[in-house]
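K.L.:
Chains as they are written, first to last, in the numbering used here: chain E, 67 to 151; chain C, 56 to 456.
Just to be clear, a hint being listed does not mean it is correct.
[As the list claims (entries may be wrong)] Here are some, though not all, of the chain E residues that point toward chain C, as calculated from beta-carbon distances under 8 angstroms: (1) L93; (2) E101; (3) A131.
[Claimed, not checked] Below 30 angstroms or equal to it, Euclidean Cα-Cα: the simulated BS3-like pairs (lysine-lysine) are: (4) C:K122 to C:K163; (5) C:K190 to E:K134; (6) C:K176 to C:K163; (7) C:K442 to C:K404; (8) E:K137 to C:K190; (9) C:K110 to C:K122.
[To be verified] Derived coverage of chain E by chain C (criterion: at least 3 residues anywhere in the stretch with Cβ under 8 angstroms from a Cβ of chain C; other residues may be distant): (10) 116-130; (11) 138-148.
Don't read these hints as lab results, they were simulated from the structure. All values reported here derive from a predicted model rather than from experimental measurement. Here a beta-carbon is modelled for each residue, glycine too, at the ideal position from N, C-alpha and C.
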Amino acid sequence: MAKTSKNLTTSELAIESLPYEQALIELESIVESLESEQNPLDVSLKLFERGQALAAHCSLLLESAHLKVQKLVGESLLPFEEESE
Amino acid sequence: MQPSLFSSVHLTVSQLTFHIRKQLENDPTLQDVWVEGEISNLSRPASGHIYFTLKDKTASLRCVMWKQDAARLRTVLQEGMAIEAHGRITVYEPQGTYQLAVNLIQPKGEGALYQEFLRLKATLEAEGLFDMDRKRPIAEQPRVIGIVTSQTGAALRDMLNTLRRRLPLVQVILAPSPVQGVEAPPALVNAIQSLNHLSPDVILLARGGGSIEDLWAFNDERLVRAVADSAVPIICGVGHETDFTLCDFAADLRAPTPTAAAELATQTTVDDLQDLLASYFSRLSSATLYLVAEQRAFVSALRARLKFGSPERRIQSQSQRLDELARRASSALQHRIQLQSNHIGGISKRLLSLNPQGILSRGYAIITRKEDGAVVSTLSQAHGGMKVRVSDGEFEVRSEP
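The following block holds chain E by itself, in its conformation from the complex (with noise of 0.2 angstroms):
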């Protein structure tokens, strides 16, 4: 039951905003929980439109990165240019 009280409230998240972790986080947590636990149907059914979404959205995550690359300075961060050849 807590895990499905989890996934409710985590669902207000938007899912364009989520970083690709938390989104495969909640994704997997999902279909646990859809396989595992007894919720009600209309739940059972916006849990399995939010899957879809975060699905689709890790998917995009995962066509679009680039590498992010920064150069440690003192202690700083910088952006890394790389060399073109």
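Let chain E serve as the given structure and place chain C on it in line with the hints.
P.N.:
This is chain C only, laid out in the frame that chain E set:
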């Protein structure tokens, strides 16, 4: 010096040269010797043999490296390079010269370096710095990867390209450091320690290939200890497949090259993640389809139970019961009527048998008083006018007192 008249030996040039050759080539020291010097007059003709002169301050030695030995040479020879050459002294008779036929060449000092390497390795090994139970597991899917290497080398480019291809989700923090020269070890130590403050999931310590001297910073005791002490797991990828440094032994994981280090750091790739997503997606769909099907079955079972328990059925049942009762009532009534009817029949017969008319027809009469209609059955009752009833009518009489 005057030639002695009798003991002098007379030889041809060939004989003398042959004699010299025998002397030199039978001397064990000259047949297995390391010679140290600087290269000059380096020449590589098309034959594949290499010719050069080894020099130091006061002497020079002609050297030849035959084609088959030259092919196995790992060090790139250059004019002025200080080397140690191993070989045997031979004599080249046509020119009356001797030369060193070289079969092995190593940069000067390598032998001493190697001894130092072995000594330090044994010391650190005895301390347990290389023990397997010190090795920490590498995160399968790191989020932040620290890199310690030269900012300008091919090693960095190779690693970044590998990470970009395999797991572009990661954040890379480069702690640039020189990777050779005397300033390299303290700078590398500092880079590892600085990265530790930022707690990345793993640190790649890397350098591209080079001579054993180029890689020597990675055998520095300070750096090796810093690698062993690092709280963050370290993957070491220095040089080529065949190069081993002490950092390789101290690191949590040894990679043959910088590229391999980046691969080992990303055991889960973006393709694996897409596969994982696809599996979640299908589990999501099937779980939901199952839930909906389950609910549908549940609803239809409820509908059946509802129908079973509905008043309609009770109404039917009650109605049937009514019919039944009505039928039973009707049949009971019939029975009663029949009984009553039979009873009445019997009574009628008996009644009929009691009909006074029957008696009258046998000659009896019924006498009633005229005044009050009472039946006269005794003498005392007989007075006044009376009616006499016989079978076919009545007549009046008067009693005479």
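K.L.:
Now, for every hint given, state plainly whether the structure supports it.
P.N.:
Comparing the hints with the structure gives:
1. Hint status for L93 (chain E): holds, given a least beta-carbon distance of 5 angstroms to chain C, under 8 angstroms.
2. Checking E101 (chain E) against chain C by beta carbon gives a least distance of about 5 angstroms; that is within 8 angstroms, so the hint holds.
3. Residue-level restraint check for A131 (chain E) holds (minimum Cβ-Cβ distance to chain C is 4 angstroms; threshold 8 angstroms).
4. Among the hinted pairs, K122 (chain C) with K163 (chain C) is consistent with the structure: their alpha-carbon atoms are about 22 angstroms apart, no more than 30 angstroms.
5. A hinted pair counts as satisfied when its Cα atoms are at most 30 angstroms apart, and K190 (chain C) with K134 (chain E) qualifies at roughly 28 angstroms.
6. For the suggested pair K176 (chain C) and K163 (chain C), the alpha carbons sit about 21 angstroms apart, so the restraint of at most 30 angstroms is met.
7. Between K442 (chain C) and K404 (chain C) the alpha-carbon distance is near 28 angstroms, which keeps this suggested pair within the 30 angstroms criterion.
8. At roughly 27 angstroms between alpha-carbon atoms, K137 (chain E) and K190 (chain C) fall within 30 angstroms of each other, so this suggested pair holds.
9. Between the alpha carbons of K110 (chain C) and K122 (chain C) the distance comes to roughly 22 angstroms, so the proposed pair stays at or under 30 angstroms and holds.
10. With 7 residues having a beta carbon nearer than 8 angstroms to a beta carbon of chain C, the stretch 116-130 of chain E meets the requirement of three or more and the stated coverage holds.
11. Counting residues of the stretch 138-148 of chain E whose beta-carbon sits less than 8 angstroms from any beta-carbon of chain C gives 5, enough to reach three: the coverage restraint holds.
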